[in-house]
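A.B. asks: Here are the chains, one letter per residue:
Number of protein chains: 4
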Amino acid sequence: MTASALFHTCYQDLLNGPLSHWLNTLPQQMDSWYRDDLHGEFKKWQRLLGKLPQVPPGNIDLRESVTVGDASSTDPYTQKQIEGLLRQFMPWRKGPYFIHGVHIDTEWRSDWKWERLKSHIEPLKGKQVLDVGCGSGYHLWRMYGEEAAGVYGIDPTQLFFIQFMAVKHFLGEAPVHFLPLGIEQMQPLKAFDTVFSMGVLYHRKDPMEFLNQLKSQLVKGGQLVLETLIVDGDEQTVLMAGERYAQMRNVWFLPSTSALIVWLKRLGFSDCKVVDESVTSTAEQRTTSWMESHSLQDFLDPDDHTKTIEGYPAPKRAVIIATKN
Amino acid sequence: MTASALFHTCYQDLLNGPLSHWLNTLPQQMDSWYRDDLHGEFKKWQRLLGKLPQVPPGNIDLRESVTVGDASSTDPYTQKQIEGLLRQFMPWRKGPYFIHGVHIDTEWRSDWKWERLKSHIEPLKGKQVLDVGCGSGYHLWRMYGEEAAGVYGIDPTQLFFIQFMAVKHFLGEAPVHFLPLGIEQMQPLKAFDTVFSMGVLYHRKDPMEFLNQLKSQLVKGGQLVLETLIVDGDEQTVLMAGERYAQMRNVWFLPSTSALIVWLKRLGFSDCKVVDESVTSTAEQRTTSWMESHSLQDFLDPDDHTKTIEGYPAPKRAVIIATKN
Amino acid sequence: MTASALFHTCYQDLLNGPLSHWLNTLPQQMDSWYRDDLHGEFKKWQRLLGKLPQVPPGNIDLRESVTVGDASSTDPYTQKQIEGLLRQFMPWRKGPYFIHGVHIDTEWRSDWKWERLKSHIEPLKGKQVLDVGCGSGYHLWRMYGEEAAGVYGIDPTQLFFIQFMAVKHFLGEAPVHFLPLGIEQMQPLKAFDTVFSMGVLYHRKDPMEFLNQLKSQLVKGGQLVLETLIVDGDEQTVLMAGERYAQMRNVWFLPSTSALIVWLKRLGFSDCKVVDESVTSTAEQRTTSWMESHSLQDFLDPDDHTKTIEGYPAPKRAVIIATKN
Amino acid sequence: MTASALFHTCYQDLLNGPLSHWLNTLPQQMDSWYRDDLHGEFKKWQRLLGKLPQVPPGNIDLRESVTVGDASSTDPYTQKQIEGLLRQFMPWRKGPYFIHGVHIDTEWRSDWKWERLKSHIEPLKGKQVLDVGCGSGYHLWRMYGEEAAGVYGIDPTQLFFIQFMAVKHFLGEAPVHFLPLGIEQMQPLKAFDTVFSMGVLYHRKDPMEFLNQLKSQLVKGGQLVLETLIVDGDEQTVLMAGERYAQMRNVWFLPSTSALIVWLKRLGFSDCKVVDESVTSTAEQRTTSWMESHSLQDFLDPDDHTKTIEGYPAPKRAVIIATKN
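Residue numbers (UniProt numbering), protein chains in the order written: chain A, 1 to 325; chain B, 1 to 325; chain C, 1 to 325; chain D, 1 to 325.
Hint data in this document are derived by calculation from the structure and do not stem from the laboratory.
There's no promise every hint is true.
Pairs count within a copy or across copies, as identical chains cannot be separated in the list.
Result set (EDC-like, lysine to aspartate or glutamate): computed pairs, CA atoms no more than 20 Å apart in a straight line [unchecked claim]: (1) Lys316 to Glu235; (2) Lys80 to Asp105; (3) Lys316 to Asp276; (4) Lys265 to Glu41.
Remember, it's a predicted structure, so these values are computed and weren't measured experimentally.
Please build the complete structure, drawing on both the sequences and the hints.
C.D. replies: Written as structure tokens, this is what we have:
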């Protein structure tokens, strides 16, 4: 299915649910995106997508993993073909996916992150949820596995969109949608029950504006699930990264969890809780055959894994939940 | 059904047909129309619509008339109730309608106009059609009677929209839609097989721009069906009305049919043909109990019905068809 | 002086007069014009302008002609140089100009047109005047010769702007300005005492809109001086040209003067008068050494100069004056 | 002089200097401000301004104070009249001003602030300078006293604009201008040699965006002079205020000077230096007869002046200079 056709199925779902006002802006944005903003390789990637074989889904598991079928659900040749095509969309960062016996061993064990937060958040059953900065969409499938009624992910990176489409190809029709957008392009829908944003806040030069944008997508009483890099410290501790942090060029504010909670309260959230805090391990984020370039190991001080190569505290991430007043 | 709900059914039809790109602009326009542009009485009218009784449609005729049910399809009390409510939406100009035995005897015999042109135009079966300036939507139903696949009417007058909704209430679900818009607000869809515009051209200060707007809604090879006031004369005959023409304040260019055909050709139409020309009679346009104020009779010179009260030639109308190159 | 510098002198004049509100839009438009809309040759032309020698103006006549200096006001070499540079800006259509003995013998004898209308219009002394479609600006200088206080010409053709700058170079500082704009880009200033538009109306697909735009530049009681192609006939006579008229591709409505006066009255003008009507002669519009391609002679039926080569009536022009109510 | 007339003198200065591109947006903004955004009292204030007596300026001192004339430069009656009118524009926050013997004893001793920073900044002589959040414009006059060539202050508070106009009335013509704008409304001029912003940063929810806006007004190599509330601490110390800080509702980030310098470097400034740091005293900010409501004294913990009434560290301010790379 092409991007345009996918958007149409998304509009269908919007029309039939509490998000129909998104049609005020979305079709025009997607149309202009498709006409003017396509990545140079996008059409090629889309043609490759078209070659993915049709395989009946068979068993699907989205509660414990993202798995469709297994090695026996298709023949070895088709399996090779699937793997070959999916490898065209490397690097794969967020996963893992198990597709008819092909294990997409992604840079991140995003399933571990999900395990850590899943029991702490409001149940997603019947909910409308948004994932801001969804990457390849791994967590979108897990949210759907928790029986969310409508699942929407946004991310401007077009390769991630292609990866999402590849996975969706095998999983079949579902109210799970990817829109190639940044949060700043979204009208304030005030309509999602839960908004996730994992791994984005520290990339924002203006974190308060970003948190406000997340808030503006929530219904009153809706829940924000925020995951970001943090530092140790008290309410007044906030690290501003230099040109690079763990080799990333685009890192800005790293608050302590206490400071972050002050920020959230100031913006009109309540019930702010830290539900997980963990130093990222080189087992959770690492180079694989599906993401062959440098990963966490290479970004840490070789002599002292508690520090980044630049001398900052090594990446530590927290998950904070908060409720919109 | 409220206006918003009706728009949703329209978007559904758009999504499933060749007009889905209209979603780029329509939802936002309708949303802002509903928030900012409602007529002072609109909400009241909508409440009245809500009181229309549910009556099973029974027999429907849209080929020879616009008729649903008859006197026997409901009880006398309900019929009274229907008539009483429909009379709240007076004046009714375009019709007539026959609704469960209630005869809405409109100012215009729009059915006569339809009879005069129907055999001359491209068959509508399976087509997407647009009626620009559709009034209460009488001809929309007749187009649907001819088995058009999708029928869209636009008219900025909100009372006409209410009248349309009242009729639609009794006729049930159909791919027949009214959008409260002016043509200048429509993106150039280039997607309709046939575009009708009857009784609008002479109201435009800039007729060429208007004809271009109609053209921009047609597919290549699509047909324009244009009805307007004309005068007798050759290719160089064009009457510009004064402050009033037949008491109307807003009348501008009245070309001869020959002049109008020159205009159409100049703009890129071909196969231009006059398929009907007729002086409007006081039998076709007249005061009724559903439109009680002045009508044609009062706008003509009492001593000489070949002239308007201002001394211009009495209203003569032509239907011209033309094909977009 | 560069275009930017010229605009600055224009803004100075605007600031000191009744047109200062034009600064609301003009600087931004001129800035974006200069950045994004320059003709491919503009910078080259501007460099050539920079080579025009400085010659003290000496005698200037703007009342009977546009003349600065004469053959004796500079040496033969400089005169050659002037002529050589000015010929780089061919074709010259509107004139003639006499510059230090160089006679720019333009296609049109625009001085004849001026003679025909000058005694009929409101005196320009102390007035703010606008010329819409001013070409090289010949009439701007004549308006200034009549002691208008501020003279503004607009025309989107960039070669005409260069020609204007070349002439202005020799005439020295004066409140005479050329802005490379179309009328549709101008905010409605309601501030000019007299608005001229000569030779533009017939190029407009929508003449009523154009006349309204002209009106919106006038103060109440201000005078419109309109020159356009007309045909013989009564109030209902309007010729719509075909693809070409006298070989021009972009000709639309040619009304009779009676019809044009009906239009003007309808739009809110009064005191409408035809002050000149004349068939354009091949002495007034012709090929010269400064405009070497085809001219009127070639656009007329060789056997019958009362007709264009396409068979339309040969070009006849009228000057109409009208007052804004 | 009315606001409009003042804007005109500003545009004159812009046209003649390196800021002429500001005309691309400023006139339109000021025009629409004047038409749509006037404070309910503005017209009344402007009428009061019109009653200020004309007094020859006599001696003016802008190097050590803002003083025009003295008690002897006019008669006691006129002096009374001046004082009475100026008191209509209370509360006066930034000053003090000495006007023909009237001492406007403002809430703030802004002269003290100026003394603390003046010797540390780049000399202003011949420079174009901007003061973002200029209040009544006290420092604008001091900048002009240092012989800046063009001095521009912006502040959206209209009473401050009136106060500025009142002072300007007595000081006479000078290239010192006040524009009722917020920094976010200014096009990035990249044209000021020095940009001041004193007492604004802590009011911004998104400080990085604000610092970028300041930077975008500077020429390359230009100097930022930034004064803001700070807290003690190291590079990772940043206080986020709660709903109120020292009773102010709109306070956000209070970084340490070390943290602020990290921010500035990250955004492309160099040569960042803290040139002053001082706890605000109740002698510098206090209730006076020209600002009668609560002041600093009332915002501090009555038992411990090192804390605000909310328990935060008492206001401490730093002046930081930095150069745009």
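A.B. asks: Which hint numbers doesn't this structure obey?
C.D. replies: Violated hint: only 4; rest satisfied.
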